[in-house]
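Asks: Please put together the full structure from these sequences, using the hints given.
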Amino acid sequence: MTVPNPSLCWWVWPVILFSATFIIGCIAPLSGLGGGVLFVPLATAFTPFNIDFIRGTGLILALTSALFSAPRFIKAGMANLRIMTAIASISAIASILGAVMGLWITSALPHGQSYVLVALGAVLFLIFAVMITSKKAEFPSDGKVDSFTAKLGLVGNWFEPNLDKIVEYKARRLPLGILCFSAAGFIGGMFGMGAGWVGVPVLNLVMGLPLKAAAATSMTIITVNSAAAAWPYIANGAMLTLIIVPSVVGISIGAALGARLALRVKPAFVRYLVIVMMLFCGLINIYKGLHGLAIL
Amino acid sequence: MLEKGVQSDPMNERFASVMVILARVGLITMAICGFLWFFNFDPLMSRNIALANCSDSASLFWKAGAAIHTGGYAWFLTRLNYTDFLTIFGVSVLASAPLVSMLATIPRCSRKVYLVFMIAIVLELTFAVVRPILMKGGALAL
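For the record, the sequence lines run as chains C and P. Residue numbers for the first sequence follow our numbering, so the first one is 1 and each next one is one higher. Residue numbers for the second sequence follow our numbering, so the first one is 1001 and each next one is one higher.
One or more hints might be untrue.
To be verified - Computed list of lysine to aspartate or glutamate pairs in EDC-like fashion (alpha-carbon distance at most 20 Å, straight line): (1) C:K212 with C:D164; (2) C:K212 with P:D1009; (3) C:K75 with P:D1009; (4) C:K151 with P:D1009; (5) C:K75 with P:E1013.
Don't read these hints as lab results, they were simulated from the structure.
Replies: Okay, here's the thing in structure tokens:
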């Protein structure tokens, strides 16, 4: 386990965290990932903070960015609250279980932090696979709506200014969507990450929502999942001002700039940069975990 | 504002408005109190002690640095005269935003099936909040 260098001034880590989260905030909107997904692997790999505080901060980062973007999407009619309630009513419990399990592993097992680091490395490879293989469909073709989803009337529409028309859509395969979001909620709760990396592909490709509606609805689901998972971390004391404040402020300012940069920078370049960065962090976390278990 | 011709769900407006208010209150509380703590204004735990113990697990960190036993919410709610704990109070306001927004939206829900889903979410989020208090001392009392 890394111990902070006592010769370092107290302000060095907050400045590093602010700078790093500012950059994460800039590139997260371009890469299609949430801030928490990038923050947790980087912080576990390169900072001396205990993984409890890193996961707690990661969840609050995911929650904060979702809380500030979701209402805008909801008011514009882009986020579908009906789909959100149907999915989150199941996935929130999975998020709570993930958070409780994650904290239990680090507090009850002798080398708990090392186990979590190895598992986090493995999850980063899973995210890598999802990012590489998933294709996006801006307006998925109409597919057969199953009877369960049809009974719930999961339809939506919003005015798309680029097309100057109202876009209408019907969701399908809700049970599969719930299953995927529950798995993502469990992983998000356990490792302190949002579920955007799996939420958008699931809503877009599995449930047939247009890309914009998928991204917006995913954000609203993240508000519920992240909030549900945050409470065990708050109760356990896994919140530290030294980490949370510079990180939340950094990512908020970075995200505001990132939204403007998105119009100028090629998203494909940033996407590959993030993929390489996550693979690198995954390897470092697995190495740190195995080193902690005295295997390497 | 919705464009003419787009069907608006009445529960959307309420949900979004309540969420915006709580998100702003939580973020402002957290940021202001956090900055005060960074400038050494009424902290319980100094910045140097926090940095020295930050590689410990959360429960050990608070025990070693401030002789505080975590588990539940009394550990920070009873110390709101210190800026480090006011920051955590701001975080808990942020975390309560979806629960309060959902509660405020329930009266606007028009279809029974969504009412059931919303009540389920409210119960689950309430369980997430009260579980650490109910299970205090048990195997899952984290």
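Asks: Hint by hint, say whether it matches the structure.
Replies: Evaluated hints:
no., hint, in the structure
1, C:K212 with C:D164, "holds, 15 Å"
2, C:K212 with P:D1009, "holds, 18 Å"
3, C:K75 with P:D1009, "holds, 10 Å"
4, C:K151 with P:D1009, "holds, 18 Å"
5, C:K75 with P:E1013, "holds, 6 Å"
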